[in-house]
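Chains as they are written, first to last, in the working numbering: chain A, 1 to 276; chain B, 1 to 452.
Worth flagging that the hints you see were computed from the coordinates, not collected in a lab. Note that the structure is predicted; figures quoted are calculated from it, not measured. Treat the hints with care, since some could be wrong.
SDA-like, lysine to any residue: derived pairs with alpha carbons at most 20 angstroms apart [stated by the list, open to error]: (1) Lys-240/A <-> Ser-422/B; (2) Lys-74/A <-> Gln-269/B; (3) Lys-176/A <-> Lys-398/B; (4) Lys-322/B <-> Asn-21/B; (5) Lys-240/A <-> Pro-237/B; (6) Lys-10/A <-> Lys-398/B; (7) Lys-240/A <-> Gln-269/B; (8) Lys-240/A <-> Gly-241/B; (9) Lys-240/A <-> Asp-263/B; (10) Lys-130/A <-> Asp-186/A; (11) Lys-74/A <-> Val-392/B; (12) Lys-240/A <-> Asn-238/B; (13) Lys-240/A <-> Asn-21/B; (14) Lys-10/A <-> Gly-395/B; (15) Lys-398/B <-> Ser-422/B; (16) Lys-74/A <-> Asp-263/B; (17) Lys-240/A <-> Lys-398/B.
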Amino acid sequence: MSQGFRILKKERLTPVTNRFVLEAPWVARAARPGQFVIVRVHEHGERIPVTIADFDPAQGTVTVVVQEVGRTSKLFGALTEGGVVLDLVGPLGEPFRAGRGGKLVIGVGGGFGAAALYPVVRSLHQQGVKVEAIIGARSREFVILEGELGRVCERLTTCTDDGSYGFRGFVTDCLKLRLEELKGQDGVEVVAVGPMPMMRAVAGLTAAYHVPTQVSLDPIMIDGTGMCGGCRVTVASEVKFACVDGPFFDAHQVDFAECVRRGKMYACEEAAARAA
Amino acid sequence: MAEVKPRIRPRVQPPPARRRNFDEVVQGYTAEEALAEAQRCILCRNARCQTACPLTNQIPRWIAELQQGRPQEAYRILRETSPMPELCSRLCPQERLCEGSCAIGIKHEPVAIGLLERFVSDQGRAAAAGENGATSPSKRVAAVGSGPASLALAQCLARAGQAVTVFERWPHPGGVLRWIPRFKLPREILEAHLDGLTALGVAFREKTEIREVQQLLTGEGFDAVFLGIGASRPSVPNLPGVSLEGILSSTEFLVRSCWGGPDLPNGWQPITDLAGRRVVVLGGGDSAMDCVRTAIRLGGAQVTCLYRRDEANMPGSRKEVKAAREEGAEFQFLASPAAFHSADGRSVSRVECLRMELGAPDASGRRSPQPVAGSAFETEAELVVLAFGYEVETGAVKINPATGATREQGVFAGGDCVTGPSLVSTAARAGLTAARGMLRYFAGEPWDALAG
């Protein structure tokens with residue numbers, strides 16, 4: 001039996017976000033961009049889905065970026081280098097696949113969604129696809145992975161809601177300007193990862209510009225292995241499971257109202273767990 | 001011919017008591033009762049019960065030993081064919097298998113083969129504990145998934161001197177056996193079975209996801225792989241409102257009802273109390289009965305099972321339906337959901353249903369239900385459980401049924417991932433078949449011959 005997964009490196013990216021490099025050779029060898037893992041910090045922690053932010057088969061490492069929102073992610077944030085994570089199951093979910101004929105992919109990352117975006121952008125870049133990225137955060141101190149993303153895309157724009165850094169405004173404001181510039185050019189695609197309202201806004205925007213778009217519906221995932229159906233979501237009037245059929249779906253076919261509602265299903269329980 | 005005595009009823013927790021606990025309902029036979037029930041068997045020479053058993057248990061042979069007062073010898077014979085009699089005796093729908101074919105059953109009540117098997121295995125297991133595996137295993141085998149098919153395979157191979165590692169993505173091994181309610185399969189019985197395998201030298205690697213089978217063969221050095229990944233994806237109907245809060249799949253409901261908090265994923269809370277809540281379970285199989293009976297024990301105010309065919313056409317075990325009814329479950333037959341409605345826009349409050357009538361037989365031979373025009377009606381519910389069965393997550397795996405071999409060299413498969421949802425005993429048989437196929441492979445038989 002494994003004795004847990006060792007934390008080789010921990011780095012604080014923002015006041016609420018940490019990056020962990022974990023020793024997990026099995027997972028590292030099988031991982032593909034866009035997949036996720038289910039993590040349990042210790043015996044009394046919950047099992048939470050976390051997107052793989054990077055993986056290195058040669059080193060046998062998997063990188064995850066964890067934002068402290070609930071009780072479990074706070075416990076995660078308190079772990080230190082040399083410590084262990086009890087469970088790490090994965091890789092899970094379907095890897096990201098760009099649409100056929102995509103000539104330019106714009107990756108949009110909201111908040112710590114930039115972490116999940118990174119392996120997707122990097123892989124497109126390595127495949128020779130022209131790729132740009134737009135990432136956003138509340139303010140300068142919450143911006144993450146700017147350097148990493150900048151190295152694997154042709155153009156990176158960083159937005160802050162308060163204008164403390166880069167473009168002042170939401171990622172959708174910035175994306176709108178870019179789509180205006182690209183108007184009439186075919187083969188443009190968008191992939192968006194971030195909070196549900198942001199992905200919903202991106203979907204609305206790109207629909208108006210007829211730009212094919214995929215979103216990653218990991219915020220609603222629960223067991224992660226297709227066994228509970230708790231993450232079911234309606235896509236093109238069909239019931240899909242975000243964990244095994246996704247996490248990437250056609251943004252223009254997703255019933256976002258339902259996702260938002262289901263995302264709040266466990267909200268009261270989360271609040272209780274935070275108070276405990 | 002001597003008069004046939006009536007079948008001996010086992011001790012059972014009375015319904016009012018068991019409605020409030022998760023202890024095993026059927027408490028089994030005493031030694032005297034088992035002996036008396038065994039005497040009812042006429043030891044048929046061409047035993048139909050044996051043919052009807054998925055594992056071809058030699059039922060008259062071990063019952064004869066029981067009649068002679070030799071339960072240990074009966075257990076030894078039973079274990080020649082069955083890797084897990086203590087589980088099968090509790091979980092098999094005997095009335096459709098051995099007991100359904102019993103010659104005594106033609107005119108009288110059949111011999112209680114299931115209860116006798118349970119008596120023999122509970123007696124025998126206690127005495128036979130401590131079996132050890134080979135000291136120097138030869139080949140390395142990976143079993144992916146830890147349900148009954150993999151457990152049967154692991155046991156057979158470990159006894160034959162091979163080193164087996166069983167991989168499981170969840171925190172504890174057992175697969176589907178993990179969410180069979182405790183009142184049917186007490187947790188100690190499952191744990192004892194797993195402990196027995198560990199003593200045989202079987203290694204369990206929980207919390208491990210296997211994505212690439214070839215990697216196990218080429219990168220991890222296993223000589224053969226068995227896929228026993230089951231059919232775990234719940235079928236969710238494409239009906240309006242199916243994503244409302246308060247509508248759970250049977251797996252989610254059972255897992256949250258029978259597991260402790262730390263084993264539950266992402267924000268799931270254990271379901272411990274359904275007092276005052278009206279529960280509707282949709283579906284008519286064994287999973288549906290597990291959900292109905294669990295909901296009753298959790299104090300559900302009114303627990304109703306809605307099934308689209310009639311009672312005679314229910315797919316599950318009769319004894320489960322009978323037990324559910326004794327415990328106070330209500331049944332609405334020939335009713336099918338059409339939509340789910342919510343009073344507050346978030347949580348389900350009503351199930352809209354249609355009355356059905358049975359039409360011509362379908363491919364499975366059962367008469368297919370057709371909706372009756374203008375028959376819509378509504379049932380109020382605060383909790384709806386979807387128990388419409390399961391699908392294979394990756395699509396059914398194809399094998400040679402005689403050996404368990406797939407087209408891919410070194411890769412075997414069996415159980416629900418091949419057949420779709422079926423019984424514990426059929427999965428166990430598939431595990432044994434694949435184990436024997438592997439031994440032939442290790443002995444040098446060419447893959448083309450095995451894959452057939």
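Structure-based check of all given hints:
Distance check on the hinted pair: Lys-240/A and Ser-422/B sit about 24 angstroms apart at the alpha-carbon level, beyond 20 angstroms; violated. About 18 angstroms separates the Cα atoms of Lys-74/A and Gln-269/B, which keeps this hinted pair within 20 angstroms; it holds. Taken as a hint, the Lys-176/A and Lys-398/B pair is broken in the structure, with Cα atoms around 49 angstroms apart against an allowance of 20 angstroms. Proposed proximity of Lys-322/B and Asn-21/B is supported: the alpha carbons are some 18 angstroms apart, at most 20 angstroms.
About 11 angstroms separates the Cα atoms of Lys-240/A and Pro-237/B, which keeps this hinted pair within 20 angstroms; it holds. For the hint pairing Lys-10/A with Lys-398/B, the CA-to-CA distance comes to about 45 angstroms; that exceeds 20 angstroms, so the pair is violated. Distance restraint check for Lys-240/A and Gln-269/B: the Cα-Cα separation of roughly 23 angstroms exceeds the 20 angstroms cut-off, and the hinted pair is therefore not satisfied. The hinted pair formed by Lys-240/A and Gly-241/B meets the criterion: a straight-line CA distance of about 14 angstroms does not exceed 20 angstroms.
For the suggested pair Lys-240/A and Asp-263/B, the alpha carbons sit about 25 angstroms apart, so the restraint of at most 20 angstroms is broken. With a C-alpha separation of about 13 angstroms, the suggested pair Lys-130/A and Asp-186/A falls inside the 20 angstroms cut-off, and the hint holds. For the given pair, Lys-74/A sits about 36 angstroms from Val-392/B by alpha-carbon distance, which is inconsistent with the 20 angstroms threshold. Simply put, Lys-240/A and Asn-238/B have alpha-carbon atoms about 10 angstroms apart, close enough for the 20 angstroms limit, and the pair holds.
The hinted pair formed by Lys-240/A and Asn-21/B fails the criterion: a straight-line CA distance of about 36 angstroms is larger than 20 angstroms. The suggested pairing of Lys-10/A with Gly-395/B is violated, with an alpha-carbon distance near 40 angstroms, which exceeds 20 angstroms. Note on Lys-398/B and Ser-422/B: the hinted pairing holds, with a Cα-Cα distance of about 16 angstroms set against a maximum of 20 angstroms. The suggested pairing of Lys-74/A with Asp-263/B holds, with an alpha-carbon distance near 19 angstroms, which does not exceed 20 angstroms.
A distance of roughly 25 angstroms separates the Cα atoms of Lys-240/A and Lys-398/B; the hinted pair therefore is violated under the 20 angstroms criterion.
Of the numbered hints stated above, those contradicted by the structure are hints 1, 3, 6, 7, 9, 11, 13, 14 and 17, listed in ascending order.
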